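**Q** Residue strings, one per chain:
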Amino acid sequence: MRRTIVNLKSASVAAILSVAGLLLCCPLHSYAADNAVQVELDVKKAAPRAVEDLTERSILRDYRFAWLTMSRALEFNSPDFLEGAFAGDVKGMLTQTVASQQRSHLSRRYSDQSHRVEAVFYAPEGDVMELHDTAEYQLQLLDGDKALINEHVVVHYVVLMTPAADRWVVRQLQAVPRF
Amino acid sequence: MTSADPEMTGLFKLFAIMCMAASLSLPCSAQELRVPSSAIAGEAATIPTTGSGNATFYLMGPGTAKKSDVTLGEEIHLPSPDLQYAGNYSAILCSNSCSSANFYVTAAKPAAMIFLVHPSRVPVAQGDAVSGVAFPFDRYHNLVTAPLNVNFQLTAKDATLWSRSVRTQDSVAWFRTNSGNSAGPVQAIASLDDEPVRRVVQQVASEPCNLRITGERTRAGILVQTEPVHDCVGNIVPDGTIVTFTSTGPDGKGTVDAPIKQGVARAKIESPGASTISVASGVVLGNEIRVGAQP
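For the protein sequence lines, the chains are V and X, in the order given.
Just so you know, the first sequence maps onto residues 1 to 179 in the numbering used here.
Just so you know, the second sequence maps onto residues 1 to 295 in the numbering used here.
Same shape as in the complex, but just chain V (with noise of 0.2 angstroms):
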């Protein structure tokens, strides 16, 4: 009887203990996570219209949540993530893409991401903005858990945001050979 209790105790506690665990892994897996995705954003040369800096940080914090959760919606297929962040073409190009991947099985993964971004134009009335940016990551494709490749990629992406309701929305992120 009393192992018994001592059993349940012990129950107890490695239960209590798995959900501090798990409360305490979430957040550090979140944080790990975001900082996954470093974002440099040089705005010096928007033109015409100079960037105020409640926009700059908007925009890095905006841009920074976009790659994060496109990156977890291609890793995961699920289009999900990709709710907020994104919007016109680009949302349904992406949305493709998963349902592509779904239906192969496939998936890709970034991690160790670097974006050095500079702002090239801000529309006159601050409507558009154009980003350049030169994206360093690692890529793994997978075919399943199988890895087809895991490289080390450079890419230059010309990016269009816009502003929404409370933040700004990736219009378009189109890779290109060079700026």
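Honestly, the hints are just simulated from the structure, not real lab data.
Be careful, since some hints might not be right.
Straight-line distance between alpha carbons at most 27 angstroms, and here's what the computed BS3-like set of lysine-lysine pairs gives [to be verified]:
| no. | chain 1 | residue 1 | chain 2 | residue 2 |
| --- | --- | --- | --- | --- |
| 1 | X | K109 | V | K91 |
| 2 | X | K67 | V | K146 |
| 3 | V | K91 | X | K66 |
| 4 | X | K253 | X | K268 |
| 5 | X | K261 | X | K157 |
| 6 | V | K91 | X | K67 |
| 7 | X | K66 | V | K146 |
| 8 | X | K66 | X | K109 |
Partner residues are not named here, just some residues of chain V that face chain X (Cβ under 8 angstroms, in silico) [as the list claims (entries may be wrong)]:
| no. | residue |
| --- | --- |
| 9 | D89 |
| 10 | M93 |
| 11 | Q101 |
| 12 | S104 |
| 13 | E125 |
| 14 | D127 |
| 15 | I149 |
Keep in mind it's a predicted model, so treat the numbers as computed, not measured.
The beta-carbon is built from N, C-alpha and C at its ideal position, and this holds for glycine as well.
Given chain V, work out where chain X should sit, using these hints.
**A** Here is chain X on its own, set in the frame of chain V:
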């Protein structure tokens, strides 16, 4: 080399025989993929392969993630729907080992344009008051990054008020210009070749100019009204614009706001004593009149 080493010749022969035997079932080594050097969005492409036997081919890019069985020695066909998005693609060929290569698909010829014009309503004769931004896209919604000439035009009643050809830089062309002198709708047009995109800007009269009032005493009070209110270039100021009449007399100071209706604002001021009445609209002041006391 004048004579062959018999031992080395034997080794080469052995290697050649092994390769020939192996090629019946598996390739001797991973292939070097020759991917398209200049693929265009929406156009089919091919990738040649060498050797024989079966392999698995993967194509991963924007909008695409495909896996298919292919026969080595035959061309791999990339159909146009798989290449409709501009961007970077990875081609991967796996048999006993995998080889891969990346290639870019660039936008097709321009077919559409995003054209943003601001503002939708603008006072006449304002400096740098109208701006437009144009981004060219192909029929698959890819941004066209090659430089292009975009023709901008402002027209009113079939007359061209302003035009300019602007070459895209970083895939965008834009303009900023003054608003015209006449109230009414103005079309802002951006065109690439023969495909114009139109937006409408409503030009409205600017601030009133030479605001003048007349007034007379009646039994009910002082009736004041403006002369027809125009801006400085002669456009009638739109109905609803507020005009403020201020009377100053022995009873103190009073104000009455009245909207312009059909170009004229009217008000009744109840002041039995002699009064000085002034008028203003926004930051514009008009004349003053003096009306005598009630008899």
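**Q** Please list, smallest to largest, the hint numbers that this structure does not respect.
**A** Nothing - there is no hint that the structure violates, so all of them hold.
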